[in-house]
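Residue strings, one per chain:
Number of protein chains: 2
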Amino acid sequence: MDVASLADAVTKGDRRALARAITLVESGRADHRAQALDLVAAAGHAGRQALRIGLSGTPGVGKSTFIEAFGLMLTGQGLRVAVLAVDPSSARSGGSILGDKTRMERLSRDPLAFIRPSPSQTHLGGVARRTREAVALCEAAGFDVVLVETVGVGQSETMVAQLCDIFVLLLAPAGGDELQGVKRGIMEMADLILVNKADGELKPAALRTCADYAGALHLLRRRPQDPPGFPRAMTVSALDSAGLAAAWDDMQALTGWRRDHGHFTATRAAQARHWFEHEVRQGLLAILTRPGPVRDSLARLGDAVARGQVTPEAAAAHILAELDQRSFISFQT
Amino acid sequence: MDVASLADAVTKGDRRALARAITLVESGRADHRAQALDLVAAAGHAGRQALRIGLSGTPGVGKSTFIEAFGLMLTGQGLRVAVLAVDPSSARSGGSILGDKTRMERLSRDPLAFIRPSPSQTHLGGVARRTREAVALCEAAGFDVVLVETVGVGQSETMVAQLCDIFVLLLAPAGGDELQGVKRGIMEMADLILVNKADGELKPAALRTCADYAGALHLLRRRPQDPPGFPRAMTVSALDSAGLAAAWDDMQALTGWRRDHGHFTATRAAQARHWFEHEVRQGLLAILTRPGPVRDSLARLGDAVARGQVTPEAAAAHILAELDQRSFISFQT
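Protein chains in written order, with full-length UniProt numbering: chain A, 1 to 333; chain B, 1 to 333.
Incorrect hints may appear among the rest.
[Said to hold, decoys possible] To give an idea of the interface, some chain B residues facing chain A are shown, with a C-beta separation under 7 Å as derived from the structure: (1) D240; (2) A266; (3) A269; (4) W275; (5) F276; (6) G283; (7) T311; (8) A316; (9) A317.
[Said to hold, decoys possible] Computed footprint of chain A on chain B; a stretch qualifies when at least three of its residues, placed anywhere within it, have a C-beta under 8 Å from a C-beta of chain A: (10) 70 to 82; (11) 160 to 168; (12) 184 to 196; (13) 304 to 310.
Hint data in this document are derived by calculation from the structure and do not stem from the laboratory. Please read all numbers here as calculations on a predicted model, not as lab measurements. Heads up, the beta-carbon is just placed ideally off N, CA and C, and yes, glycines get one too.
Given these sequences and hints, build the entire structure.
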């Protein structure tokens with residue numbers, strides 16, 4: 001199938017076409033990359049927008065159970081839901097979160113849902129691009145909500161927050177002094193903190209944890225894109241499906257306010273510009289690691305620098321001068 | 001004075017020449033930059049090495065008092081001591097730490113000491129390079145110890161640690177729960193934690209804080225370049241000059257061990273390589289911000305991306321293709 005036909009099939013909601021399209025954007029091959037650019041651009045002509053929700057939480061907070069319950073609630077309202085996973089660690093471990101769909105058995109069988117596991121092999125630099133393009137393809141395919149799940153470690157949160165409209169942090173009940181465990185940076189990105197497992201014996205602990213986080217959020221400076229009362233912390237129970245409707249109401253209220261006040265569009269524009277500039281920087285820096293004369297010079301001069309034969313500054317100036325006689329290098333992948 | 005004569009004067013220990021040489025490496029002018037490269041290379045031929053000590057501490061911990069007392073103790077032993085300051089915030093505020101030498105009045109009058117304030121105007125990207133080159137010039141001028149002082153905020157610690165042989169964190173006595181205030185990342189870089197103000201009424205608090213940090217350090221994984229017992233926490237009183245000799249003994253023991261075990265040279269080699277690669281990356285990325293056709297394209301396409309007229313990925317590919325027809329751009333400053 002050529003790129004135009006594939007884009008057409010995606011925008012008609014063909015799920016197998018969508019899966020194939022995502023496989024194409026995940027590919028590291030140079031010819032696939034060129035096709036992927038055309039594909040995403042063509043699919044984008046449909047002009048559709050989903051609500052993009054980023055969801056972060058460390059292993060053990062009940063992310064899968066939450067996504068299953070939350071997703072089923074949305075599909076129960078007739079909404080189409082796509083779930084994508086971002087797991088930078090999978091490139092190293094070869095494993096993956098959402099590794100098989102058995103984690104969300106009911107949601108994966110729901111005709112209104114589409115679940116895409118994290119690819120087991122991805123070069124790390126490509127994770128953001130792959131995810132961004134997969135989100136765009138899901139939007140083109142007519143999904144109403146795209147949930148981007150990530151593990152609560154490393155820099156993947158920042159990345160996911162930079163490509164979503166809403167960022168949700170899922171937590172488990174904890175002792176009062178575990179508040180510090182959540183990095184301040186992640187707290188500052190969250191629009192909504194959901195303390196899960198507010199059921200049975202853990203309910204009092206969940207309420208206490210929620211109050212702690214509500215207090216902590218209160219101390220953070222309000223961002224221009226936050227309506228009064230946000231960011232907010234609340235308890236949910238994915239097990240009992242309790243609090244999920246309230247969480248969804250909050251997400252809709254937040255999004256509505258942001259649309260009305262121009263923040264929704266402005267944030268998406270800023271995000272797009274951010275990723276454009278990020279891609280350009282990555283593309284420039286790639287010539288330093290791609291096999292070729294530049295990488296060879298870098299290694300050779302790096303050794304001389306390490307031996308003290310030339311200063312770091314003089315060696316760097318030499319490399320940059322070499323790049324000016326650059327008929328032999330290419331900035332394109 | 002030409003570059004060769006200036007380098008010669010620096011290596012002969014001429015303090016005014018050293019001050020002029022540092023002014024040259026601090027300059028942002030392109031012709032000065034070329035001269036600075038030659039100057040640092042020429043001065044380096046002397047092959048001298050100082051012990052480079054990085055010192056970090058937030059305002060109020062008594063950094064100036066400590067440096068004055070510690071520096072005077074070293075000059076009292078006949079050692080020549082240079083003090084450099086790194087203050088990334090000075091580029092914004094226009095102010096500077098070590099803004100005038102009155103902060104360390106006695107040390108600044110000591111013929112064996114050389115104090116160089118942080119320049120009030122520096123473009124931020126140049127702070128690391130300027131400092132590195134100033135350290136190299138102080139070494140060439142025959143100083144035995146180069147103390148690089150930085151404020152305990154932002155990323156300046158990482159930078160200073162990457163250009164010093166020993167990294168010292170100076171703290172003030174505090175309540176037990178203020179331990180969290182020090183970022184884990186900074187703790188992990190410290191070879192020595194000195195709790196200052198262990199005098200008078202604050203002494204018990206200083207001992208308690210020291211014990212807290214000693215406990216925290218104990219939990220960190222030992223690095224290959226650490227002898228048994230390091231990193232270590234101890235109390236000092238800059239006011240009473242208490243503990244300073246013990247701190248200096250520790251620094252010498254640490255350095256001696258690292259020399260004997262090959263870590264000293266290996267770390268310097270790795271640092272030099274790091275800065276070389278860092279400079280190359282900065283040089284490459286500079287074409288995106290330097291006035292010229294690339295920056296103009298970036299702004300124009302960025303607007304189109306923000307308006308949704310082109311995807312971030314396609315726009316980035318376009319810029320990188322443009323860079324391949326690059327007869328009009330230069331990677332040299």
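Results for each hint:
The closest approach between the C-beta of D240 of chain B and any C-beta of chain A is roughly 35 Å, which is over the 7 Å cut-off, so the hint fails. Hint on A266 of chain B is violated. Least Cβ distance to chain A is approximately 9 Å, over the 7 Å limit. Contact between A269 of chain B and chain A, as hinted, is supported at the beta carbon level, the nearest pair being about 4 Å apart and thus within 7 Å. The beta carbon of W275 of chain B is positioned within 7 Å of a beta carbon in chain A (closest approach about 4 Å), and the interface hint is therefore held.
Against a cut-off of 7 Å between C-beta atoms, the interface hint on F276 of chain B holds, since the closest Cβ of chain A lies about 4 Å away. Look at G283 of chain B: its Cβ gets to within about 4 Å of chain A, closer than 7 Å, so that hint holds up. This hint holds: T311 of chain B has a C-beta 6 Å from the nearest C-beta of chain A, less than the 7 Å allowed. Hint on A316 of chain B holds. Least Cβ distance to chain A is approximately 3 Å, under the 7 Å limit.
At a threshold of 7 Å, the smallest CB-CB gap from A317 of chain B to chain A is about 6 Å, leaving the interface hint in force. Proximity of the region 70 to 82 of chain B to chain A, defined as three or more residues with a beta carbon under 8 Å from a beta carbon of that chain, is not established by the 0 residues found. Coverage of a stretch by a chain is defined here by at least three residues with a beta carbon nearer than 8 Å to that chain's beta carbons; for the region 160 to 168 of chain B and chain A the count is 0, and the condition is violated. Here's how the region 184 to 196 of chain B fares: 0 of its residues keep a CB closer than 8 Å to some CB of chain A, so the rule of at least three is not met and the hint is violated.
Only when three residues or more bring their CB closer than 8 Å to a CB of chain A does the claim for the region 304 to 310 of chain B stand; here the count is 5, and the claim holds.
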